[in-house]
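Peer 1: Which chain is which? The protein sequence lines are A and B, in order. The first sequence begins at 1 in UniProt numbering and counts up by one. The second sequence begins at 1 in UniProt numbering and counts up by one.
Simulated from the structure, these hints should not be mistaken for laboratory data. Owing to the predicted nature of the structure, the values given are computational and were not obtained by experimental measurement. One or more hints might be untrue.
[As the list claims (entries may be wrong)] Just some of the chain A residues that point at chain B, by a computed CB distance under 8 Å:
#	residue
1	P136
2	R310
3	R524
4	D634
The beta carbon of each residue, even a glycine, is placed where N, CA and C say it ideally should be.
Protein chains: 2
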Amino acid sequence: MTGDVHPAWLPPEALRAVGSRRVLIQGGGLLVDTVRAELSRACGRFGGTVGGDGPFDLVLKLSNGRRPPDPDVFVLSRDAGVTVVRADEPAGLLYGFFHVVRLGEAAFDGAFPPRPHRPAIRRRMVQHWDNVDVHPVMGQVERGYAGGSVFWHDGALRADLSRVTAYARLLASCGVNALCVNNVNVHATEARLLTGRLGDVAAIADLLRPYGIRVHLSVSFAAPAVDLGTADPLDPRVAAWWADTTRRVYATIPDFGGYVVKADSEGQPGPFADGRSHADGANALAAALAPHGGVVHWRAFVYNHRQDWRDRGTDRARAAHDHFVPLDGAFGDNVILQVKHGPIDFQTREPVSPLIAAMPATRVAVEVQATQEYTGQQRHVCYLGPMWSEVLGFAPWGSEGPPVAGLAAGLVAVSNVGDDPFWTGHPLAQANLYAFGRLAWDPRLDPVAVLDEWIDLTFGPGATADPRLLRATLHAVMDDSWRTYERYTAPLGVGFMVRPGHHYGPDVDGYEYTPWGTYHFADRDGVGVDRTRATGTGFAGQYPPAWSRVYESVHDCPDELLLFFHHVPYGHVLHDGGTVIQHIYDTHFEGVEAVGAMRDRWSALPAGLVDPALAARVAERLDEQLRSAVEWRDQINAYFFRKSGVRDAHGRRIH
Amino acid sequence: MTGDVHPAWLPPEALRAVGSRRVLIQGGGLLVDTVRAELSRACGRFGGTVGGDGPFDLVLKLSNGRRPPDPDVFVLSRDAGVTVVRADEPAGLLYGFFHVVRLGEAAFDGAFPPRPHRPAIRRRMVQHWDNVDVHPVMGQVERGYAGGSVFWHDGALRADLSRVTAYARLLASCGVNALCVNNVNVHATEARLLTGRLGDVAAIADLLRPYGIRVHLSVSFAAPAVDLGTADPLDPRVAAWWADTTRRVYATIPDFGGYVVKADSEGQPGPFADGRSHADGANALAAALAPHGGVVHWRAFVYNHRQDWRDRGTDRARAAHDHFVPLDGAFGDNVILQVKHGPIDFQTREPVSPLIAAMPATRVAVEVQATQEYTGQQRHVCYLGPMWSEVLGFAPWGSEGPPVAGLAAGLVAVSNVGDDPFWTGHPLAQANLYAFGRLAWDPRLDPVAVLDEWIDLTFGPGATADPRLLRATLHAVMDDSWRTYERYTAPLGVGFMVRPGHHYGPDVDGYEYTPWGTYHFADRDGVGVDRTRATGTGFAGQYPPAWSRVYESVHDCPDELLLFFHHVPYGHVLHDGGTVIQHIYDTHFEGVEAVGAMRDRWSALPAGLVDPALAARVAERLDEQLRSAVEWRDQINAYFFRKSGVRDAHGRRIH
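Please put together the full structure from these sequences, using the hints given.
Peer 2: So this is what it looks like as structure tokens:
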């Protein structure tokens with residue numbers, strides 16, 4: 001650790017390869033200066049040089065040849081002992097630089113022809129659910145598991161913002177280019193960021209700008225009502241209010257990214273209040289932003305959170321599709337409909353939201369949750385790269401059609417970062433943030449290979465005595481950790497068997513008789529939600545035929561989503577030949593064993609191989625993960641044994 | 001209503017009968033002055049006179065004949081047209097005065113020979129779970145359902161304490177003579193009441209004193225540790241600290257009542273930390289209080305709140321008995337062991353705590369909960385007089401032995417009062433506070449007759465146009481409301497099927513897999529907790545044989561406690577010939593119907609018969625009660641139908 005803060009995946013050692021070279025940088029401007037400063041610092045440390053007469057090992061140059069320029073792209077080549085990064089724009093040069101850092105010595109080995117590197121997804125954004133004031137229930141960071149906010153503390157902008165700079169550098173190095181500074185649930189103090197406290201946002205923007213990151217702001221749809229008594233998006237005074245307010249924002253922050261809006265969702269205000277559509281609502285803000293090049297991220301997370309659990313006809317999974325598909329084509333060009341990756345809410349296992357494939361005339365961003373609300377809250381190791389990779393690779397029209405990554409104008413992660421010394425509470429959760437950025441840039445990357453990058457940068461050669469052992473250990477602990485987490489928690493895609501409110505730990509019926517629309521319908525005979533067209537809520541019919549057919553069929557439906565789409569008897573036979581009930585028992589016993597093995601593996605690492613504070617933090621969290629996994633196993637198994645009366649085929653203890 | 005605050009059971013009209021008489025008061029002192037002021041005010045309003053030459057209709061006199069004087073007793077007689085109240089002590093005169101108020105015109109009708117009125121229970125106390133600071137989770141009043149505290153507001157003693165005087169008058173009029181001003185969970189600010197902020201307590205004591213009410217204070221057992229680094233009750237420095245601190249308390253408040261202590265319970269500090277017993281702990285404080293005549297209320301609510309739900313051998317119901325019976329005889333004379341009426345925690349239906357009968361050498365106070373934590377939170381009508389009457393009349397050794405009321409040195413109610421205009425949130429919940437005082441004075445009173453007193457005082461003749469209709473309506477709504485509440489909530493004594501945390505509304509499994517020791521063990525075959533000696537936790541064996549035998553037997557156990565003592569199949573036949581599962585369905589349908597009838601009855605009251613604000617408040621709460629009862633019915637029935645698979649014999653809808 002450097003000082004009190006862990007350097008994450010950019011310890012000084014990670015820049016050894018570039019820092020020991022003779023480097024030439026051609027071009028100017030803020031982002032090029034950032035690259036120059038990075039290289040100067042690294043070369044100062046590792047003996048390289050920047051500038052001078054050459055010869056050079058590494059050349060980074062802006063070549064403003066093409067029009068229009070391709071903003072983030074860079075071209076990497078190596079010939080005659082010189083590695084060359086060329087970019088149309090400064091941002092490309094910055095990404096090219098960090099790519100060379102990532103390659104390390106491999107960037108200076110042999111020769112390779114010019115290859116353009118272009119992000120698959122243009123807007124790669126982290127959103128912070130950070131509150132300015134400490135919220136009485138949610139605290140400084142809603143669903144935050146890494147301490148306070150790096151931006152805000154107890155009602156004010158932090159006096160010391162040095163971590164924002166370090167954070168921006170980490171984000172840029174994995175390709176993130178946009179950041180929203182406050183919670184989508186906009187409370188009273190936070191609403192003032194847009195107006196009276198814009199200077200705070202500008203101060204953050206100033207620190208993100210050198211790393212090519214634009215700042216966005218969550219705003220309350222009802223903001224104009226304070227002055228006007230109405231927020232009706234079709235009222236000309238409201239339009240003028242937004243235009244005026246937005247003009248002031250851009251006067252203060254010329255490269256402001258835009259607004260993020262959670263409207264008519266879980267109590268947040270929205271256009272429904274005035275009988276207007278979400279398109280009316282989004283377009284009102286979009287019109288104000290358009291002259292300045294800004295965008296609205298309009299969240300599609302709209303559903304009835306006061307559902308009657310007795311009403312089996314209403315299905316929360318259907319809600320986003322039902323609300324938004326009729327509006328396809330009605331949104332302005334600079335509206336980005338932000339859709340959660342699954343139809344419910346960031347569960348460990350959900351099908352991909354059918355809405356993503358149902359808005360051909362609308363720009364869509366996919367939202368994932370790096371903060372581990374439902375995946376262990378950064379007390380459990382749960383590497384989410386494989387989940388996101390599956391989501392991005394999902395082909396809604398079947399293998400002939402484009403994958404989700406090809407449909408998304410943006411990828412958004414709810415940040416998992418706080419003022420914790422390790423940034424993410426669980427040190428290994430840093431990998432999720434890194435993987436998010438990398439998969440947003442290139443969704444076809446193998447998430448295990450991304451993990452390798454992260455390991456090499458974070459603990460890489462020179463930073464540890466036995467990199468091979470460490471790498472093997474980290475892979476053993478992390479590669480399959482999402483599926484391990486899935487095994488000991490809610491089974492077969494049924495979801496939401498968590499403690500209400502804080503969402504940590506098991507409570508099978510916790511949400512069963514609530515207004516939240518999250519049910520499993522377990523009875524003495526079976527479990528699961530019938531979402532078929534034939535006999536259920538019809539949600540399966542929201543997919544294009546390729547998947548609609550698969551999900552509709554209790555036989556074809558993938559096991560891991562069986563209970564999401566079907567209510568089946570406990571004796572239903574899965575594709576592997578086992579019954580649902582035995583699958584529940586088996587996976588829960590196996591999941592706990594796997595966590596035990598993860599813990600043993602970590603504790604077998606020789607002392608000193610990693611920073612002792614980090615080793616201790618991980619060990620302490622693995623202890624908690626094992627305790628919690630045992631609790632999950634015992635509750636889930638006891639619950640289903642009490643309901644089904646079916647004994648475990650292997651006679652293991654169920655309470 | 002007078003001004004903004006409802007007069008509860010002492011509207012001016014309630015004093016019409018005494019206020020229209022010629023009154024003589026003989027005696028002096030603070031409490032006699034209180035009586036004199038009451039009578040002067042009433043006579044000023046209704047045409048009577050106080051003093052003068054006579055003849056008199058009403059004579060109140062102190063007659064200090066007997067030694068030692070019987071502090072609270074008064075003797076009432078009427079002869080030759082003169083009603084006479086005679087008392088040894090001023091307190092007796094005060095209680096006699098309020099008794100005459102309660103009798104109204106009947107006190108001045110005919111003749112009756114002298115009869116002494118003596119409280120069955122000496123210490124009749126309300127305890128406030130009021131915090132000085134607003135607690136982040138529990139708010140100003142823990143488990144308070146009537147707004148803020150009448151004493152404290154946002155960290156300080158209220159500037160306007162006029163409601164404390166009005167409250168003291170209400171309490172005295174029903175016989176309460178002790179009051180604890182702060183929460184048994186003593187947080188940091190509240191701990192300072194004992195030391196730096198004693199003036200606040202003295203200010204309250206000054207207002208309670210004219211009504212014969214002594215002030216008590218909840219203290220932290222760990223208080224000495226702030227100065228000494230230890231709270232070990234056997235450390236002489238700790239003893240000296242308590243002696244010193246207590247001396248200062250009495251120097252400030254000469255009639256201070258004593259301390260209330262929740263030790264080693266739900267995270268509160270206690271003697272276990274130093275390996276000492278609860279007798280050691282209680283005696284340390286008692287020794288400091290003894291020279292000044294004060295007492296310690298030492299709560300017996302000690303149990304393992306970090307129980308493993310998998311461990312069926314541990315039974316929270318046993319805990320108080322297990323902890324305290326071995327200490328019988330070890331407590332100082334001025335220690336009062338404060339025992340909750342049931343062995344668990346203020347559930348709608350529990351057996352009487354066996355500890356009450358198991359401490360012959362210890363003074364015991366019984367604690368009930370007027371604040372309706374588990375009985376509808378003052379949103380539901382739930383008149384608790386019948387429950388308390390059953391508790392006080394329970395004879396642990398069988399009908400030959402004394403009842404609980406005969407064993408109790410004190411009766412304590414957790415107050416249901418706040419700064420709400422109606423005092424108790426639900427206006428009809430005022431009756432619970434009134435009934436508490438009256439039953440503490442005379443436990444043999446019929447709770448329905450107590451309700452009559454409360455109705456006559458609150459809405460009595462002259463105060464309403466049709467007292468007969470109003471009385472009939474209130475009886476229809478209130479008399480059986482506790483049993484109605486029981487019908488639509490947790491069945492057959494099983495308890496605790498409430499939402500964790502706030503405890504309002506149903507959640508059958510909410511506490512089932514938690515560390516709180518509150519389980520029902522429902523599975524597909526049956527439900528209930530086996531607490532027998534033969535096959536269960538042995539709790540039934542904590543009772544004297546008369547009841548131990550009854551509770552031990554699945555056939556003799558009263559139906560309403562069946563699931564508290566036994567785990568039975570759903571088909572188990574109750575004493576009325578029905579099965580457990582059908583009983584669950586029937587009572588839940590019936591309970592909702594009863595609430596519907598209560599609501600209809602109330603809404604049929606002609607406008608203007610009671611204060612419109614009160615009528616509206618009650619109507620609004622009855623709407624919520626019906627909504628909630630439906631929710632209870634549907635969840636409980638759905639839960640047990642899903643588990644048992646048994647259909648309702650009458651084919652009613654179960655979800």
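Peer 1: At a threshold of 8 Å, is the proposed contact between A:R310 and chain B supported by beta-carbon distances?
Peer 2: Hint holds; A:R310 Cβ to chain B Cβ min 4 Å, cut 8 Å.
Peer 1: Closer than 8 Å between Cβ atoms is the bar; does A:D634 clear it against chain B? Give me holds or violated.
Peer 2: holds, 6 Å
Peer 1: Let's test the interface hint: is any C-beta of chain B closer than 8 Å to that of A:R524?
Peer 2: holds, 4 Å
Peer 1: Given A:P136 was flagged as interface, is its beta-carbon under 8 Å from a beta-carbon of chain B?
Peer 2: Result: holds, 7 Å to nearest chain B Cβ.
Hint check: no violations occur; every hint is consistent with the structure.
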